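**Student:** Single-letter residue listing:
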Amino acid sequence: MININLLLSTILLFISLFLFSCKENIDSIDSNKNPNQEHIIIADPLPESEMIRMIPELDHYNKQMQVSLQTKTPILLLAENEIQDTMQSLAQKIAIRDPSFTRDIFDMETGAPLRNEIMNIREALPGDIPESVVCKKGNCYRVSMYHYVNNRTVTAIVDISKNAVVFVDRPLGGQPEINKRLTDLAIQIAIKSPEVILALGLNPGEDQATMPNVKTALNGTSCERSKHLCVAPTFLNQENNRALWAIVDLTDWKLVGLKWTDLGTSGKPSKETERSLQNDYVMEHFCEKNNNLSMDEWNIYYRLTSSDGLEIFDVQYQNEKIIRSAKVVDWHVGYSSAEGFGYSDAMGCPMYSSSAVVAFNGPYTEPIEKNGKEIGFALIQDFRSPAWPVPCNYRYHNRYEFYKDGRFRVVTKNLGRGCGIDGTYRPIIRIDLASPENQEKFEQWTSSGWRSWNKEQWSFQDKNTLYTDKGYAYKVSTKGGKSYFIEPGNGQFEDGGRGDNAYTYVSLRHPELEGDVDLMTIGSCCNTDHRQGPEAFLQDGENIVDQDLIIWYVPQMKNDDTPGKEYCWANTVIENGKSVVKYWAGVSGPMFIPIDQSK
Amino acid sequence: MNKKLRLISLFIFLIAGIAFVIWLRNENHKNKLKQEFKQQLSEYTGSVKPCAVNPEFPKDHGLVPPYMIDLRQKGYRGLRILEYRENGKILQLPSWSEFGWLGLHTVDKTGNIYVSSIPHESIVHNPVGEQNRILKLDHLTGELFHFMDLPQKEPSTLNNPFGAMGLHFDCDNEYLYVSSVAGSSMREELGSLFQIELGTKKVISSLENTDAIGLATYNTEKGKRVYYGKARTAEVYSIGLDENGSFSGQPSFEFSLLEQNGGADDRAHRIRFNEDKMEIKASEFNFTLAAASNPMHNIYLFEYDHSKDTWSFLSVQAEK
Numbered sequence: 001m002i003n004i005n006l007l008l009s010t011i012l013l014f015i016s017l018f019l020f021s022c023k024e025n026i027d028s029i030d031s032n033k034n035p036n037q038e039h040i041i042i043a044d045p046l047p048e049s050e051m052i053r054m055i056p057e058l059d060h061y062n063k064q065m066q067v068s069l070q071t072k073t074p075i076l077l078l079a080e081n082e083i084q085d086t087m088q089s090l091a092q093k094i095a096i097r098d099p100s101f102t103r104d105i106f107d108m109e110t111g112a113p114l115r116n117e118i119m120n121i122r123e124a125l126p127g128d129i130p131e132s133v134v135c136k137k138g139n140c141y142r143v144s145m146y147h148y149v150n151n152r153t154v155t156a157i158v159d160i161s162k163n164a165v166v167f168v169d170r171p172l173g174g175q176p177e178i179n180k181r182l183t184d185l186a187i188q189i190a191i192k193s194p195e196v197i198l199a200l201g202l203n204p205g206e207d208q209a210t211m212p213n214v215k216t217a218l219n220g221t222s223c224e225r226s227k228h229l230c231v232a233p234t235f236l237n238q239e240n241n242r243a244l245w246a247i248v249d250l251t252d253w254k255l256v257g258l259k260w261t262d263l264g265t266s267g268k269p270s271k272e273t274e275r276s277l278q279n280d281y282v283m284e285h286f287c288e289k290n291n292n293l294s295m296d297e298w299n300i301y302y303r304l305t306s307s308d309g310l311e312i313f314d315v316q317y318q319n320e321k322i323i324r325s326a327k328v329v330d331w332h333v334g335y336s337s338a339e340g341f342g343y344s345d346a347m348g349c350p351m352y353s354s355s356a357v358v359a360f361n362g363p364y365t366e367p368i369e370k371n372g373k374e375i376g377f378a379l380i381q382d383f384r385s386p387a388w389p390v391p392c393n394y395r396y397h398n399r400y401e402f403y404k405d406g407r408f409r410v411v412t413k414n415l416g417r418g419c420g421i422d423g424t425y426r427p428i429i430r431i432d433l434a435s436p437e438n439q440e441k442f443e444q445w446t447s448s449g450w451r452s453w454n455k456e457q458w459s460f461q462d463k464n465t466l467y468t469d470k471g472y473a474y475k476v477s478t479k480g481g482k483s484y485f486i487e488p489g490n491g492q493f494e495d496g497g498r499g500d501n502a503y504t505y506v507s508l509r510h511p512e513l514e515g516d517v518d519l520m521t522i523g524s525c526c527n528t529d530h531r532q533g534p535e536a537f538l539q540d541g542e543n544i545v546d547q548d549l550i551i552w553y554v555p556q557m558k559n560d561d562t563p564g565k566e567y568c569w570a571n572t573v574i575e576n577g578k579s580v581v582k583y584w585a586g587v588s589g590p591m592f593i594p595i596d597q598s599k
Numbered sequence: 600m601n602k603k604l605r606l607i608s609l610f611i612f613l614i615a616g617i618a619f620v621i622w623l624r625n626e627n628h629k630n631k632l633k634q635e636f637k638q639q640l641s642e643y644t645g646s647v648k649p650c651a652v653n654p655e656f657p658k659d660h661g662l663v664p665p666y667m668i669d670l671r672q673k674g675y676r677g678l679r680i681l682e683y684r685e686n687g688k689i690l691q692l693p694s695w696s697e698f699g700w701l702g703l704h705t706v707d708k709t710g711n712i713y714v715s716s717i718p719h720e721s722i723v724h725n726p727v728g729e730q731n732r733i734l735k736l737d738h739l740t741g742e743l744f745h746f747m748d749l750p751q752k753e754p755s756t757l758n759n760p761f762g763a764m765g766l767h768f769d770c771d772n773e774y775l776y777v778s779s780v781a782g783s784s785m786r787e788e789l790g791s792l793f794q795i796e797l798g799t800k801k802v803i804s805s806l807e808n809t810d811a812i813g814l815a816t817y818n819t820e821k822g823k824r825v826y827y828g829k830a831r832t833a834e835v836y837s838i839g840l841d842e843n844g845s846f847s848g849q850p851s852f853e854f855s856l857l858e859q860n861g862g863a864d865d866r867a868h869r870i871r872f873n874e875d876k877m878e879i880k881a882s883e884f885n886f887t888l889a890a891a892s893n894p895m896h897n898i899y900l901f902e903y904d905h906s907k908d909t910w911s912f913l914s915v916q917a918e919k
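Each protein sequence line maps, in turn, to chains S and W.
Heads up: the first sequence begins at 1 in my numbering, then just goes up one per residue.
Heads up: the second sequence begins at 600 in my numbering, then just goes up one per residue.
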């Protein structure tokens with residue numbers, strides 16, 4: 001005899017355990033997390049003007065830099081209170097007169113003044129002086145200057161007795177020992193940052209950013225990705241035997257992020273850098289667990305994959321599940337100048353993945369506005385090659401747009417720069433709509449109205465493609481669920497897109513196969529026809545009427561570097577003495593418009 | 600009968616005695632060799648004396664030595680051999696691009712080249728699960744072929760498409776040392792260092808649960824050691840080798856590239872010794888294919904201190 005109560009209790013216990021275990025693995029993008037509980041924090045950078053307003057020392061420094069940029073020799077000299085004697089002062093004067101030392105203080109192409117700063121002046125040590133140079137003790141000084149734009153340091157050995165620079169060295173890489181003015185500035189940026197205040201639970205004083213066992217208040221670090229001058233004021237929490245690393249970018253005057261590290265037995269925290277901090281943050285928050293986002297009437301689950309970019313799944317609108325999964329499985333990049341030359345780029349997690357273009361920070365949302373009114377929101381993930389926008393490095397955005405009226409759009413963005421000016425980008429989008437009975441029907445608009453696709457097939461969007469008066473080319477109907485018109489990009493979305501020129505494929509869904517799980521690179525990088533990968537799933541020509549379907553959509557975007565017409569392109573320009581990346585995104589992707597079935 | 604038994608016993612005793620004498624002689628010989636090896640090692644410390652020679656086959660294709668092995672793979676895939684002179688000839692035979700993107704290499708004393716295959720910007724040409732292998736380029740025929748697979752604890756996945764990484768042929772003991780990260784994941788370090796006997800393709804010894812990239816041997820004041828760059832951190836470790844060239848003792852932390860003045864969160868990809876200097880070519884590696892598009896490499900230089908048996912940092916420079 002079975003005890004029904006016991007059985008029910010057991011079932012309830014299992015259900016609650018199951019729900020609890022599912023929930024535990026899900027994080028919410030807009031949960032109001034307390035940063036002092038967080039192991040790693042990526043800072044939300046404040047605008048430069050706001051930083052200048054908030055930090056008087058930065059305001060003063062900025063004014064000095066602006067004055068420097070207006071001079072004939074745009075070099076911010078060492079502050080007077082850092083110059084210990086007249087010899088050091090003289091050494092600085094001699095160094096900045098020397099054309100070899102000042103060779104790189106202007107932009108080579110445009111002649112624009114660049115940001116340069118004297119970091120250190122001291123009597124030269126024997127190790128500083130090359131064998132070929134003879135210097136009497138006390139006569140030679142070492143002057144070091146940092147070039148912000150190319151992230152390089154140049155040092156001069158100045159012989160005071162000869163009133164001349166006797167040696168100039170430009171080592172590749174490496175960062176200078178920074179001057180006191182920048183040390184103070186880094187500490188100010190750190191202690192005034194809301195993230196630091198929240199993490200420490202107090203307003204730290206300047207003296208708290210210190211390391212008792214090192215000479216300086218700052219730890220050395222590097223910003224490998226931005227190639228900026230970075231330092232790390234570090235705050236010790238002796239009680240918990242931990243240290244808070246605050247990585248400060250002295251090129252862009254901002255906090256990069258924070259990380260708590262254990263002091264260990266040596267009492268010295270392990271070193272953190274921009275890249276390790278950003279990667280650890282993304283892995284910890286987005287690659288190891290599913291996340292949830294609820295906005296407007298949308299409820300979305302999302303995760304960063306190993307090689308299929310940011311995947312959204314189990315998406316509900318008004319409590320009805322409408323998307324089982326949507327993702328961008330690859331980017332094919334082909335160059336027309338050389339047949340068969342190109343790349344198949346997978347996007348994914350920044351560590352432990354088979355991706356070449358990796359997640360850069362985590363996903364974020366932004367509102368979508370029209371005529372000043374918020375009409376929806378977008379969930380976005382940035383993926384970059386390590387050295388973008390250096391040639392042969394790439395940057396892509398996965399962007400999912402969700403509108404208050406129930407429309408959604410899967411958008412792919414290319415932000416250059418690639419290996420040449422003859423590139424065509426082809427993202428491979430995979431969309432699996434959800435319906436209660438897994439019965440879907442795909443139709444195409446023709447001269448005689450909607451015509452059903454009966455077997456797996458593909459279609460190309462060209463000048464002969466027919467659209468309804470509203471611009472719809474396809475329709476997908478579901479049994480018992482939501483049905484949608486599909487509107488390919490024709491440059492009508494007011495986002496800079498110039499038309500999708502897309503291949504559309506429909507294949508029968510095979511659970512656990514053909515992209516249900518992370519998909520390895522498909523197709524060739526460089527085919528210029530429909531053979532972009534999804535055609536491999538059409539080969540059986542299976543019946544697709546009232547079946548569970550997968551829609552593949554492969555837009556094509558040609559890059560352009562023509563001034564004024566740039567597309568899928570990026571460039572570095574000099575603005576106000578700093579290098580600034582300019583990009584012109586190529587945008588593509590279909591809009592799904594819900595069909596009002598009451599009409 | 601008793602006489603027969605006695606004779607048989609005597610015969611067995613005689614055979615056993617002869618076997619014992621042979622064994623003893625062999626042991627003495629082995630010990631002598633060991634002593635000689637130790638003696639040799641004690642006579643010189645520093646980088647292992649190079650023994651690599653040029654392969655024969657490039658001559659058949661009209662190339663004149665000296666040669667350079669070119670694995671830059673910019674605009675082509677696989678290996679090339681270049682004449683080491685201005686406007687020198689370039690050779691790439693068909694099989695040299697059939698194994699996808701190639702990684703690090705080493706050359707033995709007859710000119711055979713051993714190389715690993717490493718996924719580059721995609722896994723199209725380097726499928727997951729087929730990378731934990733050593734390829735050999737025959738010094739006579741010029742054919743590149745699959746030499747051997749390496750053992751791994753767990754299957755490779757999309758989360759770690761890598762396998763064999765660094766290779767080093769030790770000219771003293773003539774073993775090949777290989778690092779592999781196959782089967783490792785974010786949670787588990789399951790890679791290994793292997794000591795391989797080239798003649799039998801046998802793994803003689805291994806250091807398990809160690810993910811490493813570059814590796815090379817060096818004769819320290821305290822004996823021969825393998826130095827290896829960790830794949831998961833910016834650290835360089837070493838482990839001793841016994842007289843048989845097998846891994847011996849516990850791994851020892853040497854230094855962290857990140858902690859050096861001007862250092863970065865790099866991984867030691869290629870380790871080379873020249874006299875008392877250790878040169879490390881290092882760059883980003885996060886078990887993804889992203890580093891392939893990063894042109895930035897740093898060259899670190901360290902110097903061996905014979906009196907302290909330690910390495911001291913000299914400089915770091917971006918690669919020109």
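It is worth saying that the hints were derived from the structure and are not from the lab.
Heads up, a few of these hints could be off.
What the hints assert, rightly or not - Chain W is faced by these chain S residues, among others (derived, beta-carbon under 8 angstroms):
(1) Glu224
(2) Thr273
(3) Ser344
(4) Ser353
(5) Val357
(6) Val358
All values reported here derive from a predicted model rather than from experimental measurement.
Glycine included, each C-beta is placed from N, C-alpha and C at the ideal position.
**Student:** Should the hint that S:Ser353 touches chain W count as held when the rule is a Cβ pair under 8 angstroms?
**Tutor:** It holds, given that the least Cβ distance between S:Ser353 and chain W is near 5 angstroms, below 8 angstroms.
**Student:** Does the CB of S:Thr273 sit less than 8 angstroms away from some CB of chain W?
**Tutor:** 5 angstroms, holds
**Student:** For the hint on S:Ser344, just tell me whether its beta-carbon gets within less than 8 angstroms of chain W.
**Tutor:** At 5 angstroms from the nearest chain W Cβ, S:Ser344 passes the 8 angstroms test, so the hint holds.
**Student:** Hint check: is the beta carbon of S:Val358 less than 8 angstroms from a beta carbon of chain W?
**Tutor:** Nearest chain W Cβ about 5 angstroms off; hint holds.
**Student:** Under the criterion of a CB-CB separation shorter than 8 angstroms, is S:Val357 in contact with chain W as hinted?
**Tutor:** 7 angstroms, holds
**Student:** Interface hint check: S:Glu224, Cβ to nearest Cβ on chain W, cutoff 8 angstroms. Holds or violated?
**Tutor:** Since the shortest Cβ distance to chain W is 6 angstroms, the answer is holds.
Comparing the model with each earlier hint shows no violations; every hint is respected.
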